[in-house]
Every structure is written in structure tokens, then in C-alpha cells.
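**Student:** Letter by letter, the sequence shown follows residues 0 to 987 of numbering that gives the first Met the number 0.
These are calculated hints, taken from the structure and not from any lab test.
Cβ atoms here follow ideal geometry from the backbone N, Cα and C, with glycine treated the same way.
Just to be clear, a hint being listed does not mean it is correct.
[As the list claims (entries may be wrong)] Simulated DEER-style distance windows between Cβ atoms:
| id | residue 1 | residue 2 | range |
| --- | --- | --- | --- |
| 1 | Asn122 | Ser51 | 54 to 60 Å |
| 2 | Gly598 | Leu298 | 26 to 32 Å |
| 3 | Glu305 | Gln153 | 28 to 34 Å |
| 4 | Glu305 | Glu155 | 27 to 33 Å |
| 5 | Leu298 | Lys102 | 37 to 43 Å |
| 6 | Ile97 | Gly599 | 24 to 30 Å |
| 7 | Ile594 | Leu298 | 34 to 40 Å |
| 8 | Gly598 | Asn943 | 16 to 22 Å |
| 9 | Ala564 | Ala36 | 16 to 22 Å |
| 10 | Glu59 | Asn943 | 28 to 34 Å |
| 11 | Arg118 | Gln562 | 21 to 27 Å |
| 12 | Lys102 | Ser951 | 25 to 31 Å |
| 13 | Ile97 | Pro542 | 49 to 55 Å |
[What the hints assert, rightly or not] Heads up, simulated BS3-like pairs for lysine-lysine below, C-alpha to C-alpha not over 27 Å straight-line:
| id | residue 1 | residue 2 |
| --- | --- | --- |
| 14 | Lys134 | Lys102 |
| 15 | Lys75 | Lys209 |
| 16 | Lys134 | Lys209 |
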Amino acid sequence: MRTLIHRAAQSIRIQPTASGYTRLWRNTLLAVLTCVAATSATVAMRVHAVTSGPVAHLAEQGAIVTAEVTLTDDPKIRPPKSTRFPQDRVAVEARIDILQTDKARIAVRSPVVLLASGRSWRNLLPSQRLQVSGKLVPGDQGTLTAALFLLRGQPEILSGPSSPQTVAGEIRAGLRNAANVLPTEQRGLLPGLVVGDVSRMDPQVSADFKDAGLSHLTAVSGANLAIVAGAVLALSRLTGLPLAARAGLAAVAMIAFAVVARPSPSVLRALLMGLVAAVALGTGRARDGVAALSASVLLLILFNPELARSYAFALSVTATAGILLLAPTWRDRLTGTSTTTSEAPLTHDEPPAGTADSHNRQTTPAKHRPPVLRTSGQSSRPRRPLSDHVSSARSCPPSGHPSSARPCLPSDHLSSAVSSQPADHIPSPMSRPLAGSEPPAVHRQPMDSVIVQYRGELSSHRDALLGDPGRTGLGVRTACRAAGRWVRRRFAPGHGRARRMPRWVAEAITIPAAAQAAVTPVLVLMAGELTPVAVLANLLAGPAVAPATLLGFAAALIAPISQDAAELLVIPAGYAVGWIITIAQWSARLPLATIPWPGGLPGVAMLAIAAVAAVLLLRRARWRAVLATLTVATLIVVYAVGPAVAPWPPKGWLFVMCDVGQGDGMAVAAGEGRAVVVDTGPDPVAMDRCLSDLGIQEVPLVILTHPHMDHTGGLAGILRDRRVGAIVVASHHTTEAVLPPLTPAPAVLPSHDTDAGEGTVPASGGSVIPPVTLLRDPEDAPGTGVGPEVARRRVPDSGDAPGTGVGSEVAWRRVPDSGDAPGTGFGSEVTRRRIPVWAALPGTRWQFGPSELTVLAPDQDAVGGHTEGSEVNNGSLVVRVRWQAGSLLLSGDIETEAQAKLLRAESPAADILKVPHHGSARQDADFIDAVGARAALISVGADNDYGHPAPSTLSMLQRAGARVYRTDRSGDLAVVSTSAGLAVTTRH
0 MRTLIHRAAQ
10 SIRIQPTASG
20 YTRLWRNTLL
30 AVLTCVAATS
40 ATVAMRVHAV
50 TSGPVAHLAE
60 QGAIVTAEVT
70 LTDDPKIRPP
80 KSTRFPQDRV
90 AVEARIDILQ
100 TDKARIAVRS
110 PVVLLASGRS
120 WRNLLPSQRL
130 QVSGKLVPGD
140 QGTLTAALFL
150 LRGQPEILSG
160 PSSPQTVAGE
170 IRAGLRNAAN
180 VLPTEQRGLL
190 PGLVVGDVSR
200 MDPQVSADFK
210 DAGLSHLTAV
220 SGANLAIVAG
230 AVLALSRLTG
240 LPLAARAGLA
250 AVAMIAFAVV
260 ARPSPSVLRA
270 LLMGLVAAVA
280 LGTGRARDGV
290 AALSASVLLL
300 ILFNPELARS
310 YAFALSVTAT
320 AGILLLAPTW
330 RDRLTGTSTT
340 TSEAPLTHDE
350 PPAGTADSHN
360 RQTTPAKHRP
370 PVLRTSGQSS
380 RPRRPLSDHV
390 SSARSCPPSG
400 HPSSARPCLP
410 SDHLSSAVSS
420 QPADHIPSPM
430 SRPLAGSEPP
440 AVHRQPMDSV
450 IVQYRGELSS
460 HRDALLGDPG
470 RTGLGVRTAC
480 RAAGRWVRRR
490 FAPGHGRARR
500 MPRWVAEAIT
510 IPAAAQAAVT
520 PVLVLMAGEL
530 TPVAVLANLL
540 AGPAVAPATL
550 LGFAAALIAP
560 ISQDAAELLV
570 IPAGYAVGWI
580 ITIAQWSARL
590 PLATIPWPGG
600 LPGVAMLAIA
610 AVAAVLLLRR
620 ARWRAVLATL
630 TVATLIVVYA
640 VGPAVAPWPP
650 KGWLFVMCDV
660 GQGDGMAVAA
670 GEGRAVVVDT
680 GPDPVAMDRC
690 LSDLGIQEVP
700 LVILTHPHMD
710 HTGGLAGILR
720 DRRVGAIVVA
730 SHHTTEAVLP
740 PLTPAPAVLP
750 SHDTDAGEGT
760 VPASGGSVIP
770 PVTLLRDPED
780 APGTGVGPEV
790 ARRRVPDSGD
800 APGTGVGSEV
810 AWRRVPDSGD
820 APGTGFGSEV
830 TRRRIPVWAA
840 LPGTRWQFGP
850 SELTVLAPDQ
860 DAVGGHTEGS
870 EVNNGSLVVR
880 VRWQAGSLLL
890 SGDIETEAQA
900 KLLRAESPAA
910 DILKVPHHGS
920 ARQDADFIDA
930 VGARAALISV
940 GADNDYGHPA
950 PSTLSMLQRA
960 GARVYRTDRS
970 GDLAVVSTSA
980 GLAVTTRH
């Protein structure tokens with residue numbers, strides 16, 4: 000704090016004295032109070048405007064209105080949060096210009112948030128005028144939004160976007176189109192990295208970026224603007240433009256880039272700082288980053304007070320402040336340019352009156368006086384110059400003195416030379432200032448180099464100093480020791496040795512470290528977690544950001560003119576983007592990449608206490624060694640001992656229930672690196688990570704028990720970087736938008752391992768499907784994942800497209816995808832890779848590795864339920880898995896009606912039961928007893944709003960003698976084979 004105050008005092012020309020500091024505190028307090036008053040007045044006026052107008056009044060009444068609105072942002076497509084509302088949602092910020100009710104037509108200017116659904120919103124741009132109808136409801140408290148507008152039907156376009164927004168839209172669309180030549184992950188990230196367009200970003204990549212602390216790369220901010228402005232300045236300098244013109248071009252480029260990237264909080268902050276820097280550059284004034292940041296924050300809060308509660312704005316500001324305030328100091332410590340740890344200012348003091356030094360200062364011209372230096376807070380007693388130490392250590396006694404025979408160093412030879420130099424300068428023993436010359440400039444050297452230099456010079460001049468080479472050894476050694484003691488006291492006490500590190504290396508380390516340290520309190524307040532891996536991830540990914548941004552922005556500018564040229568630029572940018580994705584994936588999978596931490600204000604308080612304790616401990620070398628030892632021991636335990644003691648997955652696993660939240664996602668062992676997946680959970684990221692932890696690279700079969708999002712939403716995670724042989728669904732889900740009626744599945748597959756490959760199976764109607772290869776076939780077409788016979792010889796379907804191998808319903812109905820056409824339900828990746836989709840009937844059997852799977856239900860007769868959702872649940876596929884050590888019943892979401900029907904059809908006995916419908920209350924006690932399981936597995940999300948698992952179901956399982964395992968408490972659950980049969984192992 001003292002350092003910051005001193006720097007502030009110097010910046011405003013205040014002398015660092017008691018009165019100066021008092022004046023500084025007073026002025027600072029006055030400035031803060033003025034800013035708070037101005038901001039408060041702005042907020043009060045804005046709140047009054049949005050809460051007292053006709054829009055807010057109608058929202059309180061829940062009125063149905065028609066309005067003309069102007070879009071102020073891009074529509075944001077949001078995926079469904081639950082299976083109750085499986086449709087995509089659209090949210091977009093807008094301004095109501097004309098409000099029409101049954102009684103009047105009113106002209107207003109009120110900010111609202113439009114909530115709608117439908118694909119007609121995808122191509123709309125900011126500044127477009129629309130006519131919409133719907134219901135007004137009050138907005139969220141704490142926001143400057145007059146109302147939420149729940150729209151009905153599709154919007155009517157009244158006018159197109161403005162010219163700047165049209166150009167910006169073409170640039171963004173051109174970059175997206177040019178990126179189509181890249182792989183899926185890279186084509187989604189490049190627009191986000193360049194212009195903040197994350198509409199096509201892969202969910203898995205987004206999750207990896209979040210866990211690795213790289214999310215800021217897709218939030219356009221100062222780094223992007225700096226790259227663009229730097230490129231413009233470099234080009235304009237080559238053309239010979241004057242400084243003012245170059246600064247103006249840089250400002251124009253930054254404004255244009257902000258329009259293309261959209262004015263998000265981080266963009267606005269960076270833009271204002273960049274404009275301040277451009278003005279300073281053009282006028283030749285000094286550039287002060289802290290002043291620019293402060294002015295930008297103040298102006299933005301005055302212009303848009305809602306930014307004060309924006310986490311994105313807070314993260315941007317704190318990261319920039321950390322880079323400006325912390326990074327330079329840390330860099331200097333690492334490079335050794337600062338020899339003291341305290342940044343206390345050095346002041347020049349006069350020696351006490353009456354001393355020899357004071358007499359010398361009075362008789363010696365000021366320009367030749369050696370300054371006496373001290374640090375703030377130290378005693379006012381001046382330090383003894385080097386000459387005093389040397390002369391007192393070995394000065395020659397008067398002639399005739401008893402000790403005159405001892406070797407000595409004449410003080411007049413050395414102390415006079417030293418005393419004529421500044422105290423911070425270590426002179427050559429033979430160097431003397433020339434008459435009338437200025438003393439050398441004060442400079443500092445690292446302690447070790449000073450001692451070595453001093454010793455070398457003493458040794459080289461010993462003959463001139465002492466005259467007798469035979470007597471120089473003791474005198475030189477004594478002088479060196481004296482000089483060493485003085486240098487250590489001058490440079491080392493309480494200060495620690497300077498570290499030598501290249502400046503570019505120090506900056507590469509300190510910039511991400513300072514930014515991460517500054518944003519950590521905000522992250523704790525926002526998410527309740529720490530991301531220690533972020534510094535390493537940013538250090539490794541940083542070199543690839545600038546090339547990707549420059550090439551991507553160049554491609555975006557060229558795309559409207561020449562798409563081919565833009566694609567050529569995108570290809571090398573893809574390599575840089577691929578490197579960033581690789582670093583994110585690797586960092587996100589490291590143990591302790593994210594550490595849970597209490598959220599909110601208690602978490603921030605605990606973080607502050609921990610930070611203070613760490614600073615106090617790290618100031619002492621002994622405690623630094625202790626902390627370093629504990630850190631190394633922790634890393635050894637986490638990375639070496641932990642996996643060895645409690646490996647995951649356990650060796651010889653047969654089945655794993657993945658912790659995917661509120662849903663089902665399971666893997667059945669099918670050989671080395673292979674698994675049959677039963678349901679995929681609601682989240683593709685969670686399912687992909689579970690399979691990655693298991694080392695699954697091939698999925699011969701995906702069984703989707705029924706078409707609810709908590710069982711099918713994660714299908715994209717299964718398809719990510721894996722070969723999939725086929726997808727199996729229930730036979731009578733013919734009207735669902737998610738899963739279609741498809742080709743009947745083969746009744747039997749080979750009973751041996753599928754590596755053998757082929758088997759003849761009867762198909763419906765008595766026809767025969769020739770031998771089918773699920774995964775490996777040398778004649779496979781690239782990316783199909785199926786043998787050529789599947790594509791060539793199929794169950795006939797009148798609507799099949801040539802060579803698809805699946806019915807027309809497969810091409811039309813797909814799992815939701817951001818690029819799907821209306822009414823789709825299977826991901827486009829399924830169609831592109833020509834993965835066959837089968838409908839299974841009871842009696843269908845598969846053998847994969849150690850696992851045999853048999854379909855038990857449902858048959859062709861649908862089972863009703865008390866609600867529409869119950870009917871779908873009762874149509875779930877029920878599969879029994881057998882191993883040599885026992886069996887497992889996978890019951891989907893069947894409820895009491897389907898459980899009773901299955902019990903009447905055959906015995907559902909099994910050693911382990913996957914409890915139906917996440918342990919809901921609709922369970923048949925006779926069914927539970929008939930299964931007779933010793934263990935019951937429940938896949939359920941923590942703190943879900945369904946009340947799963949129901950207490951009645953847990954009691955029922957306990958009475959049946961089954962031990963209950965839950966993913967919300969134990970994480971992933973694994974079934975392994977032991978000498979006593981099957982056993983369940985938990986991950987946590």
C-alpha cells in the first residue's frame with residue numbers, strides 16, 4: 000500500500016512527506032465520493048425511468064400487447080434446461096419503441112428482454128425492427144430491464160439492420176463459412192476466438208475452457224483489440240504516416256472491431272482504454288494504464304450502471320488491474336531489476352551537523368557530493384560509506400605504533416577513491432574522478448557480480464596499491480572481506496537475492512499469474528471454485544492466440560470478397576486453434592485442475608485470510624521451504640500415490656454408471672477400449688468425460704431406452720472422437736420428435752466377441768440381412784463406422800436415400816443440433832457418419848466381450864400411464880446383462896404399470912438392479928422383490944427438483960435386502976467381478 004501511495008504521489012507531483020500524504024488521502028477521498036455521487040445519481044435516474052413507465056405498469060398487470068421493438072443484441076439460443084421443456088429457447092435484448100394495447104398506441108423507449116422459441120430468430124441482427132405480440136411480465140429484480148416479453152408466434156420483420164450491422168453480420172458470417180474447412184471443434188472455436196461468436200462452439204470445448212481457465216479467450220477483450228490496433232499501427236508506420244494519423248487509424252480500427260465483435264462488457268472496457276491510449280499516442284502524452292482503466296470504468300458505469308453487477312465486466316476489470324499493478328513488480332523480481340523486495344522510495348538526507356561528512360558536504364561542490372541514501376521507515380542515521388568500512392577494517396597505524404609491522408591497506412589509497420563515488424557505486428580501486436568531472440551515475444548491480452568485480456580489480460591492481468607483491472595477499476583479502484560485508488549489508492539484508500531470468504520469460508509467467516490472482520476473488524464469489532491450472536494453461540496457450548486472431552480476422556475481412564482466399568487463411572489459423580484446444584483438454588483433465596471452494600462472501604473472506612497467511616509465511620525462507628515441501632508432497636500424492644492406491648476405473652470393471660446428473664448414462668464392458676453405452680444422460684460433456692476416464696474409444700452399440708432428454712441429450716458426447724457401430728431404440732416410439740421408427744434390429748448377433756466380426760441374422764418378414772460388421776471392416780467407407788454390406792443391402796424402405804442404409808426417418812428425425820432443420824431430432828453427425836439405427840424387440844441378444852445383453856421389454860403392445868410422460872417411461876427398453884459372475888437388470892424408467900407387465904411375462908431376477916426412473920415413488924413392491932437384487936444403483940442428480948429418490952422407494956429397497964448406491968453421493972459407480980461374485984465400487 001505504501002508503494003502505491005508513493006507512486007500516486009509522484010504521479011501528481013506531491014512530495015512524499017507527511018503533509019503530502021495527508022493531502023493525497025484527502026484528494027483521493029474527495030474524488031471517490033464525487034464518483035460515487037455521480038454514479039448514484041445516474042442509477043437513480045435509470046431506475047426511475049424503467050420502473051415508472053407504461054411498460055413496467057403493464058408488466059405488473061400481465062398485459063397482452065403488440066409492440067414494435069428494435070433489437071439491441073444478437074439472439075442467444077439457449078438449450079433446454081430440463082426434460083419438461085425440451086425445445087430450444089431464444090433470449091434477446093431489445094428496446095420497445097411503440098406499444099399498442101386495446102386502448103392506445105404509445106411511443107416509449109423501454110429496455111426489455113424478449114423470450115421466444117423457433118428458428119426464425121437465428122438470422123436476425125442488432126438494429127432490426129420487428130413487430131411482436133405476447134405477454135409482459137415484471138423483469139428480474141436488480142436489473143435495469145423494464146419487463147420480460149413472453150412472445151407468441153413468430154416475429155414480423157419491419158426493417159433490416161443498419162449498414163454497419165449489415166457489414167458486421169457479413170464479416171461474422173463470412174468467418175463462420177470460411178471455418179467450415181476445419182474440423183468440428185476448430186470451426187466452432189475460431190469465430191469465438193476472433194470476434195466472440197460462440198454460436199457453433201462445441202459444448203465439450205466450452206467445458207474444457209472453463210475448467211482450464213481459458214474462457215476469457217472467447218470473450219473479446221483488450222488482447223484482441225491490442226492485436227488489431229498493433230497490426231494497424233505497424234502497417235501505417237510502414238506507409239510513412241505521421242504519428243497522429245497512425246493513432247487515428249488505430250482508433251478507427253478498434254471501433255470497427257468492437258462493432259463486429261458486439262459491445263460486450265469486456266469489449267467496451269477494452270475499447271475505452273484503447274481510445275485513451277490512442278489519444279495519448281497521437282498527442283505525444285505519457286500513457287498511464289491505471290489512469291486509463293480508472294477513467295474507462297467510471298465512464299462505463301455512468302453510461303451503463305448495470306455493468307456494476309456484471310461478472311463479465313468485473314472479471315475484465317480485475318484481470319486488467321492485476322496485469323497493470325502486479326505483473327510489473329513480479330516481473331522485476333524475477334528478472335532481478337529490483338534489488339529490494341520493498342518498494343519504499345529512496346530519499347536523500349543530509350548527514351548530522353558537526354560531523355566530518357557534514358563538513359565535507361559544506362566544502363565540496365554539490366555535484367561532487369556522494370548522496371547518502373536511506374529507505375523510508377529506516378533510521379535517519381546515514382549509512383557509512385564503503386571507505387569507512389574498508390579503512391576501519393585495515394587502515395595503517397601511525398608510524399612507530401606497535402602494530403605498524405602488521406600488513407595494512409593505506410586508507411588514503413582506497414577510501415579517498417571510494418568516498419568520491421556515489422554510495423551505490425562500487426568503484427575500481429585505481430579509479431579517481433577527474434577534476435571538474437561529474438560523478439558516475441548511480442546504478443546497482445547484483446551482489447555476487449559486485450563482489451567478483453571488486454575482487455578482480457583489487458587483484459589486478461595490487462602492485463599499484465601496495466608496492467610489494469609479497470605483502471599483498473593479506474591486505475587484498477582483508478579489503479575484499481570488508482567490501483563483501485558492506486555489499487551484503489547494502490544489498491542483501493532482508494531483501495533476498497535478485498533472480499536472473501530473461502524478461503520475456505518473466506512476462507510470460509507473471510502476466511497470466513497476475514491476471515489469475517486478481518480475478519480469483521471474483522471467481523470465488525461467482526462460482527465457488529479455484530482454478531490453479533489456469534496459469535499454466537494460459538502460459539502454454541498464449542503463443543497461439545495472436546496468430547489465430549490475426550489470421551482469423553484477416554479471413555473475416557477477405558471472406559465477403561473471396562471465400563477461397565479466406566479458407567486459405569483459415570487453414571493455418573486452424574493449427575493454432577487446435578493447439579489451444581489440446582492445451583485446454585489436457586489442462587482440464589489434470590487432477591486438481593479445479594478445486595471446490597466456498598462461494599459468496601464467506602468464500603472471499605476465507606480466500607483473503609489464506610492470502611494474508613501465505614504472504615506472511617512466504618516472507619521467511621524457512622517457511623518457504625516448508626510450503627514447497629508440502630506442495631511437492633501433495634502433488635506426489637495426487638498424481639502418483641492416488642491413482643496407484645485408488646485407480647479409476649477399477650481393474651476388470653464390467654459396468655459403470657456415470658455420474659451425469661439427473662439422468663442415466665451407463666457403460667457395459669465390451670472388450671479392451673470398447674463399451675456398450677446404455678443411455679447418454681442429459682449432458683454430452685459429462686458423458687464424454689466419463690467414457691474418456693474409462694478409456695473407451697469404440698462403442699459397438701448405443702442403447703437409448705426411451706426418448707427423454709435426460710437419457711438421450713448426451714448422444715453428441717458419445718460420438719465425439721469415437722466410432723459407433725449402431726443405435727438401438729424401442730420399437731414403438733414412432734411419434735416422438737426425438738426418436739423415430741427405424742429398421743428392426745437383428746434378433747441375434749454373434750455370441751463370440753465382435754472382433755470376429757460377422758453373423759447371419761433373420762430380419763422382419765423372413766428376409767435375411769447378410770453378415771453385418773459393426774465396427775472394423777477394411778472396406779468401410781471413411782467415417783461410416785459400418786461395413787459395406789450395411790450400406791449396400793438394407794431392410795427396404797421406400798423413402799431411403801440411395802446408399803444410406805437407414806430409413807428416411809433417420810435422415811429427417813435426429814437428436815437436436817444447433818444446425819438442424821426444423822423438426823429434427825437425431826444429430827447431423829449420425830446421418831453424416833451413416834450410423835444404422837435399429838428398433839429392438841424382446842428376445843434380441845448381443846454378445847460383446849464378457850457381456851451378454853438381452854432385451855426383455857417392451858413388446859409391440861404399448862403400456863399406458865397416468866400421464867403422457869409416464870406412457871413414454873413405460874415404453875423404456877429393459878435389458879438384462881449377464882456375466883460369468885452374475886447379472887444386472889437395466890430397467891430404464893419403467894413405472895408401476897410396465898413393472899407389473901414385465902413381472903407377468905417372465906422373471907426379472909438379477910444380482911444388481913438399476914432402479915427404475917431414478918428412484919421415483921412409482922415403484923411396484925412385487926417387482927422389487929422379484930428382482931431379488933443384493934445391490935441397487937440409482938442415477939440421480941444432487942438437489943434435483945423431482946424429489947428423487949423417493950423415501951418410499953429407499954425403504955422398499957431396504958426391506959428387500961438391497962444395499963443402495965447413489966451417484967449424487969458417491970459419483971461414478973462400477974461393478975466388478977470378485978471371487979464371491981459381483982461387487983460395487985464407488986469413485987468417491
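**Student:** Given a hinted range of 54 to 60 Å, is it respected by the beta-carbon distance of Asn122 and Ser51?
**Tutor:** violated, 36 Å
**Student:** Mind checking the hinted window 21 to 27 Å against the Cβ distance between Arg118 and Gln562?
**Tutor:** The hint (21 to 27 Å, Cβ to Cβ) holds, given that Arg118 and Gln562 are roughly 24 Å apart.
**Student:** Between Ala564 and Ala36, is the Cβ distance one that fits in 16 to 22 Å?
**Tutor:** 54 Å Cβ-Cβ, so the 16 to 22 Å window is violated.
**Student:** Could you check the hint for me, namely that Ile97 and Gly599 are 24 to 30 Å apart, CB to CB?
**Tutor:** Violated: the Cβ-Cβ distance is about 42 Å, outside 24 to 30 Å.
**Student:** When you take the CB atoms of Gly598 and Leu298, is the distance between them in 26 to 32 Å?
**Tutor:** Holds, at about 31 Å.
**Student:** Lys134 and Lys209 were given as a pair; does the straight-line alpha-carbon distance stay at or below 27 Å?
**Tutor:** violated, 36 Å
**Student:** Can you tell me whether the CB distance of Glu305 to Gln153 sits inside 28 to 34 Å?
**Tutor:** holds, 29 Å
**Student:** When you take the CB atoms of Glu305 and Glu155, is the distance between them in 27 to 33 Å?
**Tutor:** Check passed, 29 Å falls within 27 to 33 Å.
**Student:** Can you let me know if the beta-carbon spacing of Leu298 and Lys102 is within 37 to 43 Å?
**Tutor:** Once the Cβ atoms are compared, 41 Å apart, the range 37 to 43 Å for Lys102 and Leu298 holds.
**Student:** Should the hint that Lys102 and Ser951 are 25 to 31 Å apart at their CB atoms be regarded as holding?
**Tutor:** Violated: the Cβ-Cβ distance is about 54 Å, outside 25 to 31 Å.
**Student:** Compare the distance between the alpha carbons of Lys134 and Lys102 with 27 Å, and conclude whether the hinted pair is satisfied.
**Tutor:** This hinted pair holds, its Cα atoms lying about 16 Å apart.
**Student:** Taking 28 to 34 Å as the stated bounds, is the beta-carbon spacing between Glu59 and Asn943 within them?
**Tutor:** holds, 33 Å
Violated hints for the displayed structure, listed by number in ascending order: 1, 6, 9, 12 and 16.
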